[in-house]
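Novice: Here is how the chains run, residue by residue.
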Amino acid sequence: MMRNVHDEARELISLGEALPEEQQARLRAHLQECADCREYEEAAGRMVRGLRSQPLAADSTLVRETQLRVRARALELRQQRERRWLVCLSCLFVGLSAAITTPLLWRGFEWVGAWAGVSKWVWEAGFSYFWIAPALAVSVLLAAHGTHLTNNHNGDRQWR
Amino acid sequence: MNAMESETSAIARGLRRRDPELLDRLIEQYQHRLLRYLISLTGNRELAEDLFQETWIRVLERGHQYDGRHEFSTWLYAVARNLAIDYLRKKKPVSLDLLMEDEEHAPFEPADTRPLAWEQVAQRQQAESVGVTLGGLPAEYREVIGLRFQDELSLEEIAVVTGAPLGTVKSRLYRALNLLMTRLGRTQA
Chain A
1 MMRNVHDEAR ELISLGEALP EEQQARLRAH LQECADCREY EEAAGRMVRG
51 LRSQPLAADS TLVRETQLRV RARALELRQQ RERRWLVCLS CLFVGLSAAI
101 TTPLLWRGFE WVGAWAGVSK WVWEAGFSYF WIAPALAVSV LLAAHGTHLT
151 NNHNGDRQWR
Chain V
1 MNAMESETSA IARGLRRRDP ELLDRLIEQY QHRLLRYLIS LTGNRELAED
51 LFQETWIRVL ERGHQYDGRH EFSTWLYAVA RNLAIDYLRK KKPVSLDLLM
101 EDEEHAPFEP ADTRPLAWEQ VAQRQQAESV GVTLGGLPAE YREVIGLRFQ
151 DELSLEEIAV VTGAPLGTVK SRLYRALNLL MTRLGRTQA
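Same order as they appear, the protein sequences are chains A and V.
Note that this note's numbering has the first sequence beginning at 1, numbered continuously upward.
Note that this note's numbering has the second sequence beginning at 1, numbered continuously upward.
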């Protein structure tokens with residue numbers, strides 16, 4: 001279906017001042033001939049001026065509150081990042097110290113086992129327990145801490 | 001590198017650092033434009049103010065995603081739009097696009113081009129009447145009209161913000177302007 005020349009002109013008018021030179025020339029030529037489209041263009045211009053003079057402003061309280069919230073959240077994110085760094089550093093430190101001390105500890109247990117005259121299986125089991133015990137203790141502590149926090153959250157919810 | 005590029009890349013660097021001074025400045029600089037855009041999307045000032053705050057929190061959290069290759073305002077509007085859509089999806093099981101789809105089904109109303117009497121009324125009254133009529137349009141129409149004629153975004157920028165093809169933006173703008181003029185004509189007739 002052929003597009004109506006008036007519709008095309010009005011569509012170009014509705015795009016605002018963003019037309020390529022060739023389309024602008026075509027539109028200008030049409031407007032010189034067509035009084036209806038000229039009227040349309042004038043009405044659109046008045047309406048756009050009305051739109052641009054709309055008094056709509058954010059109030060200063062909203063801006064201040066937003067700035068405060070953004071700053072508080074930025075601080076929270078920085079603290080989270082610092083905590084993550086701390087955990088990563090701790091893991092690195094623990095890994096390194098374990099790599100260094102494990103062979104020494106193994107030799108120590110071997111020596112104590114020979115001195116006490118116990119079988120190889122006994123001092124090896126003792127070494128394994130000694131090696132794993134701190135991790136077990138920390139896991140138990142963390143699990144207990146987690147439960148405690150969960151209980152607190154539930155408590156909070158009940159109060160609300 | 002031109003002035004616009006150096007400014008946008010400075011903003012991108014600042015957002016990656018989560019620079020609070022920069023964010024304060026941006027919030028002040030874009031306060032009116034962003035709020036107006038959110039009101040045009042939601043049609044509700046209270047909700048728009050909530051989304052205004054959430055938008056800046058999102059800008060803080062996802063600032064590293066802004067690469068400085070486009071205008072900051074284009075990216076900011078896209079962030080705000082996604083938040084508004086997320087909110088409306090949670091609130092109602094339909095998307096903003098679906099809410100606004102009545103554009104496709106709405107009968108096309110040719111604009112009333114009779115000479116309007118509002119040359120005689122004051123500028124403030126004109127603006128008020130345009131504002132009230134604009135508020136009654138579908139959200140998708142309010143959005144393109146606001147972006148094009150109030151925030152003066154280019155058609156390509158509007159396409160980026162709305163995620164719609166350029167052709168759709170053009171036809172939506174045409175329909176929106178027609179509908180607004182028709183309704184204005186009716187209220188002032």
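Don't read these hints as lab results, they were simulated from the structure.
Treat each hint with caution, since some may be false.
Covered by chain V, according to a simulated footprint, are these stretches of chain A (three or more residues, beta-carbon under 8 Å) [unchecked claim]:
| id | stretch |
| --- | --- |
| 1 | 70–80 |
| 2 | 128–135 |
Taking beta-carbon pairs under 8 Å as the criterion, some of the chain A residues facing chain V (in silico) [stated by the list, open to error]:
| id | residue |
| --- | --- |
| 3 | L15 |
| 4 | G16 |
| 5 | Q24 |
| 6 | A57 |
| 7 | L62 |
| 8 | E65 |
| 9 | Q67 |
| 10 | L142 |
| 11 | H145 |
Cross-link-like lysine to aspartate or glutamate pairs, in silico, EDC-like; alpha carbons within 20 Å at most [stated by the list, open to error]:
| id | chain 1 | residue 1 | chain 2 | residue 2 |
| --- | --- | --- | --- | --- |
| 12 | V | K90 | V | D67 |
| 13 | V | K170 | A | D7 |
| 14 | V | K170 | A | E76 |
By construction, the Cβ of each residue, glycine as well, lies at the ideal position given by its N, Cα and C atoms.
Novice: All hints, please: hold or fail.
Specialist: How the hints compare with the structure:
Here the stretch 70–80 of chain A counts 6 residues with a CB under 8 Å from a CB of chain V, which clears the bar of 3, and the coverage holds. As drawn, the stretch 128–135 of chain A meets chain V at 0 residues by the rule of a beta-carbon pair under 8 Å; below three, the given contact is violated. Nearest Cβ of chain V to the Cβ of A:L15: about 6 Å, under the 8 Å cut. The hint holds. A hinted interface residue such as A:G16 counts as satisfied when its beta carbon comes closer than 8 Å to some beta carbon of chain V; here the least separation is about 6 Å, so the hint holds.
Because the closest C-beta pair between A:Q24 and chain V is about 15 Å apart, greater than 8 Å, the hint is violated. About 5 Å separates the beta-carbon of A:A57 from the nearest beta-carbon of chain V, less than 8 Å, and the hint is met. Checking A:L62 against chain V by beta carbon gives a least distance of about 6 Å; that is within 8 Å, so the hint holds. Nearest Cβ of chain V to the Cβ of A:E65: about 7 Å, under the 8 Å cut. The hint holds.
Because the beta carbon of A:Q67 sits about 5 Å from the nearest beta carbon in chain V, less than 8 Å, this interface hint is met. Restraint check, A:L142 versus chain V: the minimum CB separation of about 27 Å is more than 8 Å; hint violated. Evaluation of the A:H145 hint against chain V yields a violated restraint, the C-beta minimum of about 27 Å exceeding 8 Å. Simply put, V:K90 and V:D67 have alpha-carbon atoms about 29 Å apart, too far for the 20 Å limit, and the pair is violated.
Pair hint V:K170 plus A:D7 holds up; C-alpha atoms about 13 Å apart against a cutoff of 20 Å. Taking the CA atoms of V:K170 and A:E76, the gap is about 43 Å. The hint is violated against a cut of 20 Å.
Checked against the numbered hints given earlier, the structure breaks hints 2, 5, 10, 11, 12, 14 and satisfies all the rest.
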